[in-house]
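Participant: These are the residues of each chain, in order.
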Amino acid sequence: MLKLRSLIAGVFAAGLLIAPAFAEEEVVLPKETWSFDSLFGTFDLAAAQRGFTIYQQVCSNCHSMQYLHYRDLAGIGLSEEQIKAVAAAVTVPQGLDDQGNPKEGPATPADQFRSPFANPQAARAANNGALPPDLSLIVNAREGHANYIYGVLTGYVNPPAGFKMQDGMNYNKVYPGHQIAMPQPLRDGSVDYVGGVTNDLAQESHDVVTFLAWAANPELVERKQMGVRIILFLIGMAFVTYAVKRKVWANVEH
Amino acid sequence: MAGLHKSDISNPVLNWIDTRLPIFTMLQKEYGVFPTPKNFNYFWNFGALAMVNLLVMIATGIFLAMNYQPNTTLAFGAIQHIMRDVNYGWLLRYVHQNGASMFFIVVYIHIFRGLYYGSYKTPRELLWILGVVILLLMMATAFMGYVLPWGQMSYWGATVITNLFSAFPWIGPKIVTLLWGGFSVDNPTLNRFFSLHYLMPFVLTGVIFLHVAALHVTGSNNPLGIDVKSPQDTLPFHPYYTTKDSFGVCIYLIVFSIFVFFFPNVLGDPNNFIPANPLQTPADIVPEWYFLPFYAILRSVPNKLMGVCMMFGSIMVLFVLPWLDTSPVRSARFRPLYRKFIWLLVISFVVLGYCGMNKPEGIFVILSRLATLYYFAHFLVILPLLGKLERPLPLPESISQAVTGGRGGGPLPAGAAAKPMEKA
Numbered sequence: 001m002l003k004l005r006s007l008i009a010g011v012f013a014a015g016l017l018i019a020p021a022f023a024e025e026e027v028v029l030p031k032e033t034w035s036f037d038s039l040f041g042t043f044d045l046a047a048a049q050r051g052f053t054i055y056q057q058v059c060s061n062c063h064s065m066q067y068l069h070y071r072d073l074a075g076i077g078l079s080e081e082q083i084k085a086v087a088a089a090v091t092v093p094q095g096l097d098d099q100g101n102p103k104e105g106p107a108t109p110a111d112q113f114r115s116p117f118a119n120p121q122a123a124r125a126a127n128n129g130a131l132p133p134d135l136s137l138i139v140n141a142r143e144g145h146a147n148y149i150y151g152v153l154t155g156y157v158n159p160p161a162g163f164k165m166q167d168g169m170n171y172n173k174v175y176p177g178h179q180i181a182m183p184q185p186l187r188d189g190s191v192d193y194v195g196g197v198t199n200d201l202a203q204e205s206h207d208v209v210t211f212l213a214w215a216a217n218p219e220l221v222e223r224k225q226m227g228v229r230i231i232l233f234l235i236g237m238a239f240v241t242y243a244v245k246r247k248v249w250a251n252v253e254h
Numbered sequence: 001m002a003g004l005h006k007s008d009i010s011n012p013v014l015n016w017i018d019t020r021l022p023i024f025t026m027l028q029k030e031y032g033v034f035p036t037p038k039n040f041n042y043f044w045n046f047g048a049l050a051m052v053n054l055l056v057m058i059a060t061g062i063f064l065a066m067n068y069q070p071n072t073t074l075a076f077g078a079i080q081h082i083m084r085d086v087n088y089g090w091l092l093r094y095v096h097q098n099g100a101s102m103f104f105i106v107v108y109i110h111i112f113r114g115l116y117y118g119s120y121k122t123p124r125e126l127l128w129i130l131g132v133v134i135l136l137l138m139m140a141t142a143f144m145g146y147v148l149p150w151g152q153m154s155y156w157g158a159t160v161i162t163n164l165f166s167a168f169p170w171i172g173p174k175i176v177t178l179l180w181g182g183f184s185v186d187n188p189t190l191n192r193f194f195s196l197h198y199l200m201p202f203v204l205t206g207v208i209f210l211h212v213a214a215l216h217v218t219g220s221n222n223p224l225g226i227d228v229k230s231p232q233d234t235l236p237f238h239p240y241y242t243t244k245d246s247f248g249v250c251i252y253l254i255v256f257s258i259f260v261f262f263f264p265n266v267l268g269d270p271n272n273f274i275p276a277n278p279l280q281t282p283a284d285i286v287p288e289w290y291f292l293p294f295y296a297i298l299r300s301v302p303n304k305l306m307g308v309c310m311m312f313g314s315i316m317v318l319f320v321l322p323w324l325d326t327s328p329v330r331s332a333r334f335r336p337l338y339r340k341f342i343w344l345l346v347i348s349f350v351v352l353g354y355c356g357m358n359k360p361e362g363i364f365v366i367l368s369r370l371a372t373l374y375y376f377a378h379f380l381v382i383l384p385l386l387g388k389l390e391r392p393l394p395l396p397e398s399i400s401q402a403v404t405g406g407r408g409g410g411p412l413p414a415g416a417a418a419k420p421m422e423k424a
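One line per chain: the protein sequences are A and B, in this order. Going left to right, the first sequence walks through residues 1 to 254 as our numbering numbers them. Going left to right, the second sequence walks through residues 1 to 424 as our numbering numbers them.
Worth flagging that the hints you see were computed from the coordinates, not collected in a lab. Glycine residues also receive a C-beta, built at the ideal position from the N, C-alpha and C atoms. Heads up, a few of these hints could be off.
[Claimed, not checked] Derived BS3-like pairs: lysine-lysine, alpha-carbon spacing no greater than 30 Å straight-line:
| no. | chain 1 | residue 1 | chain 2 | residue 2 |
| --- | --- | --- | --- | --- |
| 1 | B | K359 | A | K164 |
| 2 | A | K173 | B | K29 |
| 3 | A | K31 | B | K29 |
| 4 | B | K388 | B | K304 |
| 5 | A | K247 | B | K229 |
| 6 | A | K84 | A | K103 |
| 7 | B | K29 | A | K245 |
[To be verified] Rough simulated footprint, nothing fancy, chain B against chain A, three-plus residues with beta-carbon under 8 Å:
| no. | segment |
| --- | --- |
| 8 | 98 to 111 |
| 9 | 226 to 234 |
Construct all of the structure, not just a fragment, from the sequences and the given hints.
Facilitator: What follows is the structure, encoded as structure tokens:
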């Protein structure tokens, strides 16, 4: 809604000159450049893979991604062997054994991402009463999308003087209300990168958000490519049908 | 043989069928040679576009239903299954989701066309009324469809909208319980909404059939709003309007595709990517964009029952529009005052939509009240008076005289309009 809303808001604000008077205390989101943003943009796969590493090592301790399967990782360029290895390193519940007891075993590519907690109650109990949201769709599920998630990850600062913090909460300049239950998850050097990529907070956040954006919209690249082909075809068809229409109507006074 | 239809179709197989069931004769009559005013502008494409849109919605909806689970614990995941695992499921869903928005864009323009050119006036009153029934059915269908993904906005939107009925004294709470199938929006609600969401399009198809049947009795209105007087005023539907509609469909599909492939969620709400949670109310509960003007009318009245009545009234007033507008002239082209007021109506509708998007505070309360006032005044005060006060411009003699600039309308090309009219 944000784009549409700001578009219409802009048009109206220009005409009415009253809208600014009613603007709420707006949080300014960072405006990052994202590989997937532009009309023909695709995912920066190297960044998404680094982002997946961060998810594995950091986020997945608290956050589930239940709508993803290990096989989906082919979408960020992991090979079949890599996916098998990633899955096999994780132990997941595998139904019941012949005696009716719960069984566990290494995951296969067909398995869903393992959730860190068995249920929401367990998640709350382990997190000071707060429920870490599932991250499968998080980029789509927040106003501001990728920039918002990036803003939260990089928005941990000291609270302004006189700001009353509740117990166990953390100050974040982007999070609504500024008090977030999640302690700062990423810092400079939180994750080791190979190949000379700087592992500062900005780069780590950028990478994990790229991964999360892919996770929320895995069809994005195929969708845009199909869109280009279909729209080009339709423009061609529009010319053809218009020519036919002109030809048919040529001998009618109208 | 008595009772058999005498068919003109030359193909023996088709002739055999047509003799016993004259569907080909009917198609030829209603869509082949059907005499159509020759002066349509592109506003007259939108009926055909709405028909195409309906077919797209039914086609994608059937395949979505094959993969959907109408159960509160499974519905949200089922959508993700469609988006991620079903072959081209994302395409089906984005087409269906944005198709709803396209449907309303097309239908709102179609309605504007009817208002501007006076298509609701005699003898097309029933045609118009059937159109308003279609609009109501569409709104009900769209509302129930939006509940099915079972996201936060689905759940809370359903809660707010169904609760509106509780405003009616005595029967209100009973209606709400019936809609919910219980005492809150829950699994029975989702089940019945899914069932009805699948049923309604077929009811809609039935009413659309009547709408089109009524159209084929009265014939189409046209931008001049004057009656067809001679065969020189019309063209056969095919090939003249089939080709024009084909071009319109291409442009419509381009706009549709831009939404589906590049901005599939721009008209949606981020909250609907969060699974429904009865214990957590979102900061703002906003309906889909196409309901915003009506939502603003609802909120512009401080009293709940009155607000609900005004909201329903804003559609109901359309049913009696043919009798509220007292002017005998159809087209706004020849109504110098109406031509200005109709744009005020459009502006008030857009302002209402914008107010519906924002919290009902400060300036938005005043704006939405002013716009609501104008919306009702337009239909209930201005239109009845305008017919008496306004001096319409002189109407042209005939469509053909008008389109040929008074040159009397030359002879029609061979095989264009004259011949079909002999048949009709």
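Participant: If a hint holds in the structure, say so; if it doesn't, say that too.
Facilitator: Against the structure, the hints:
1. K359(B) - K164(A): holds (28 Å)
2. K173(A) - K29(B): Given pair K173(A), K29(B) is violated - Cα atoms ~69 Å apart, limit 30 Å.
3. K31(A) - K29(B): The hint is violated at about 60 Å.
4. K388(B) - K304(B): violated (36 Å)
5. K247(A) - K229(B): holds (26 Å)
6. K84(A) - K103(A): holds (20 Å)
7. K29(B) - K245(A): holds (21 Å)
8. 98 to 111: n = 0 at 8 Å, threshold three: violated.
9. 226 to 234: That given contact holds, which follows from 6 residues of the segment 226 to 234 of chain A lying within Cβ reach (below 8 Å) of chain B.
Checked against the numbered hints given earlier, the structure breaks hints 2, 3, 4 and 8 and satisfies all the rest.
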